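*Asks:* Residues per chain are reported as follows:
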Amino acid sequence: MDDSHRKVADGAQIGQAIERVEDFRMLRGEGSYLDDLNRPDMLHACVVRSTVAHGLIKHIDSSQALALPGVHAVFTAIDIGLPVPRIPMRLDVLESLRRFEQPVIAEDRVRYVGEPLALVIADSPALAEDGADRVLVEITPLPVVTQPVVTNPGTDSAGLPAPSLLFEGTDSNNPLTLSAIKGDAGSVFASAPYLRRERLAVQRHAAMPMESRGLLAVWSGTADETRLTVLGACKVPHANRRVLAAQMGIAVDSIDMEESDVGGGFGARGEFYPEDFLIPFAARALGRPVKWVEDRREHLLATNHARDAWCDLEVACTREGQILALRGQAHTNLGAYIRTNGVTPSRNIAQVGVGPYRIEHVQIDVSVHLSNKTPSGTYRGPGRFETDFFRERLFDIVADDLGLDRVEFRRRNLVRSTDMPWALPVVMPWGGGSECDSGNYASTLDRALLEFDWTAKSAINGRAIEGRWHGIAIGCYIEGGASGPREGARLVLQSDGRIAVYTGSSSIGQGLETVFTQIAADAMGVPAQAIAGIHHGSTRFVKEGFGAYSSRSTVMGGSAIVGTANELKQKIRAAAAGLLHCPPDEVTLLGTRAENRSGQSVSLAQIALLGPLEAEGSFSSNLRTYSYGAHACHVAVDPGTGGVEVIDYVAVEDVGRIINPLTLHGQATGAIVQGLGGAFMEHLIHDEEGQLLTASLADYLLPTATDFPSIRVFALEEYPSPNNPLGAKGAGEGGIIPVGGVIANAVAAALKPLGVQITELPLSPSRLWDIIAAAARE
Amino acid sequence: MQVQFTVNGRRVEVGTEARRTLADCLRHDLALTGTHVGCEHGVCGACTVIVDGAAVRSCLMLAVQAAGCTVVTVEGLSPPAGLSPLQAAFRQHHALQCGFCTPGMLTTAHALLTDEPHASEARIREVLSGNLCRCTGYIPIVQAVIAARDACQRTAGHEPSPGQGPVHG
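Chains Z and E, in that order, give the protein sequences.
Counting along the first sequence from 1, when you hit position 343 you're at 342 in numbering that gives the first Met the number 0, and nothing is skipped either side.
Counting along the second sequence from 1, when you hit position 73 you're at 72 in numbering that gives the first Met the number 0, and nothing is skipped either side.
No lab work stands behind these hints, which were simulated from the structure alone.
Predicted model only: the values in this text are computed from it and were never measured.
Keep in mind that the hints are not guaranteed to be accurate.
[Unchecked claim] Partial selection, computed: residues in chain E whose CB lies under 10 Å from chain Z:
#, residue
1, Arg18
2, Ala45
3, Leu59
4, Val63
5, Ala66
6, Thr69
7, Ser77
8, Arg124
9, Cys134
10, Val141
For glycine and all other residues, C-beta sits at the position ideal for the given N, C-alpha and C.
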């Protein structure tokens, strides 16, 4: 094991399976989620949403709603003032995409079912809904576009009749084609001994946190000096505060965003949505607090969708299985607008298409398409889930075609530890690259084979036993984490001698308070009880914060705590020196005491009596961390029903440094089950009119306790990241990334004797049954 | 409408609209916000409470239908301080992350173990399959309920009680 990168040594806390500090309140029913919060004199909001996927707004009549007792106001775009604010991209910003950003409320045109048309404010949520039912909306329908139209083998939808174009003054619904480039794929393909191309597709599905979105906006202060408090903020409160301040025309520091308990995020929750403007706007207009809680149907229509991509992916290799180049043309259906996440999933499809493989020549182009579906954004493993399915499925097809062992095919092409740092393709038009930081990718592959018992299970691969076809598969992946640029932390020595931690990171249910308690305790060299709480996710806590996305909190927020703890310890030594009558550099901190060379000591509580001590700092890095690993699975397919049982699922990951094995395994297992949902059942289906046919949890199927009971997770910490003082790597998404590919390959291996080819997710029973039946007819 | 029932051992009388669900009544009229509302159409199970001993979706039941009933929510399963054996097992097995589905999981598991103290793993899994969790992948939740079942069975001499019994107000 390489310990050179662990600048913070193992203490009493880091590495331990500490039970979570969050659990007491959550288990006792004392958590504080958004809809648990109330304010005196509070009003309630309901959003009137478009029932038409594409059309021109002729008329909105609010009079009947306003006549209803208990309804206080109805706001439309006209009330807000034309043009209404747009919601800006936060990630991978491109000026050319600005015109496709979403207005906070529809002005003259609707582009998806669920787009906000009006906001009704009433005394209760039920009255607001009654009012919403009485808002009459007339919309002249336009032709609905639900799928990208690819008119030439290239990339665009040019040539569509104007009414089918979502935005006036454009000539296509394909505003961007981006490319990931390394080496010269074109030349290699021209002379390669073996080529293979497949079209592979991943369906639209979504993050689906159990708590839907919600907001409570409260204005206070005087007319000259108002303050806005937004409860229900999460994920990126600091960035959202800047957006809201600009939209509201008020100073950034006159807004406080406050995070409460958050019932899951997975990428979707906490982004800036139309309601994030509308609710504070209504609260200001009416001079009273306004609360809005999204219901599940709204959530399915309004909160970011994800995935929805296909790719013509092609590999060039030798007949012995050395990969020479990879190229592809992918298409992503982003829905009606470019939302806050920009085109991040599309970008990842391009860049991470190579995965953990040593491929010198790459060109993957991704055409981004708009359509009359709900806009999409990042969902755990954005683009990575899709692109890993494309690549790993193609690799099994190639290995089979060449008569090569699919494990050896992968092993011989993995990036080696001596290749580190290994450069990923550069994505245009942004430019700039990213490098895999450390690791031995073959090591996790071997461990997965061992834990899975691959050799023994190979004996039943492709065989029918008691009427079910058995198949096994294995796949490798990398997980980019710890996105930059910075994260902030502030540590305060309290008067009781304990240390309070304030962080720019956000808690979306991932156990942040526990993990940060462990990091802070070891960084300060004190027991966990001496950490007086982890205060997260609110803009009041630190000068600059970034939040929880891209598996960054442990690395970025944790490293900020480490650096700031060192500053605080310096200040404590300096203060203690006065009490101990010695120079600061002769003061040693031993747990909660400071001692001089003669053995005299004072407690942190005594030092705190001298006056408040605190340190604020940040950790800066634009070098990403790359966790990596391998997943293997064993499935049995019932050809009579198309049903698949996942008999065994093994995941091995190297995350650099394990802070808490409990929460780490929780991240992995939960993510794997989400991935299995995406591989087998979760599907947001629209009809040709753009109506969502799966707009309830009875229709949009999530995994349940009986579906996937056999999952085994193994975490390693053999290769710490060189890019942060903890040696940790982001590890919140690795669980989901390889699942689609591994499952599809296992099902394909099981059904190979039936002549079945798998190229599309989800592998629902009905689809598999159809595929098996079609193969039987041929 | 006025409706009377017992919640967590306490008699309550609530003035509520006929259309108000039991979930909304518990949360907003009685400030028992431990009961969560995740879907409002009876699928997710976050709002599960125990009504006259049976696990019930409080989003599918009107408050007025609870008249005369005995209702137990997650708050009623909690001891005055600390955690019940079932809650402690959830913590030990890391059976919760965001905590939003947790109250429904606890009430469902409590009702099951009260009715069927020797429930098999398969039975536990089957019953829990009526509740959705998006964070944990369910495996640690099932492990926690099994551990709580076993802990109760080790308490010799009296009827297993996965939570705190009798429920307190």
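*Asks:* Determine for every hint whether it applies to the structure shown.
*Replies:* For each hint, the structure was consulted:
1. Because the smallest distance between the Cβ of E:Arg18 and any Cβ of chain Z comes to about 7 Å, under 10 Å, the interface hint for this residue holds.
2. Of the supplied interface hints, the one on E:Ala45 holds, with its beta-carbon coming within about 6 Å of a beta-carbon of chain Z, less than 10 Å.
3. Taken as an interface hint, E:Leu59 does not check out: its beta carbon lies about 12 Å from the nearest beta carbon of chain Z, beyond 10 Å.
4. Here the hint on E:Val63 is broken, as its CB sits about 15 Å from the closest CB of chain Z, past 10 Å.
5. Among the interface hints, the one on E:Ala66 is violated; its C-beta lies about 20 Å from the nearest C-beta in chain Z, farther than the 10 Å criterion.
6. For E:Thr69, the interface hint is violated, since its Cβ never comes within 10 Å of a Cβ in chain Z; the closest pair sits about 18 Å apart.
7. For E:Ser77, the suggested interface contact is upheld, since its CB lies about 4 Å from the closest CB of chain Z, less than 10 Å.
8. Proximity of E:Arg124 to chain Z holds as hinted, the smallest CB-CB distance being about 5 Å (cut-off 10 Å).
9. Interface hint status for E:Cys134: upheld, as the beta-carbon distance to the closest one in chain Z is roughly 5 Å, under 10 Å.
10. The criterion of a C-beta within 10 Å of any C-beta in chain Z is met by E:Val141, whose closest approach is roughly 6 Å, and the hint holds.
The structure fails hints 3, 4, 5, 6 (numbered hints given earlier, in ascending order).
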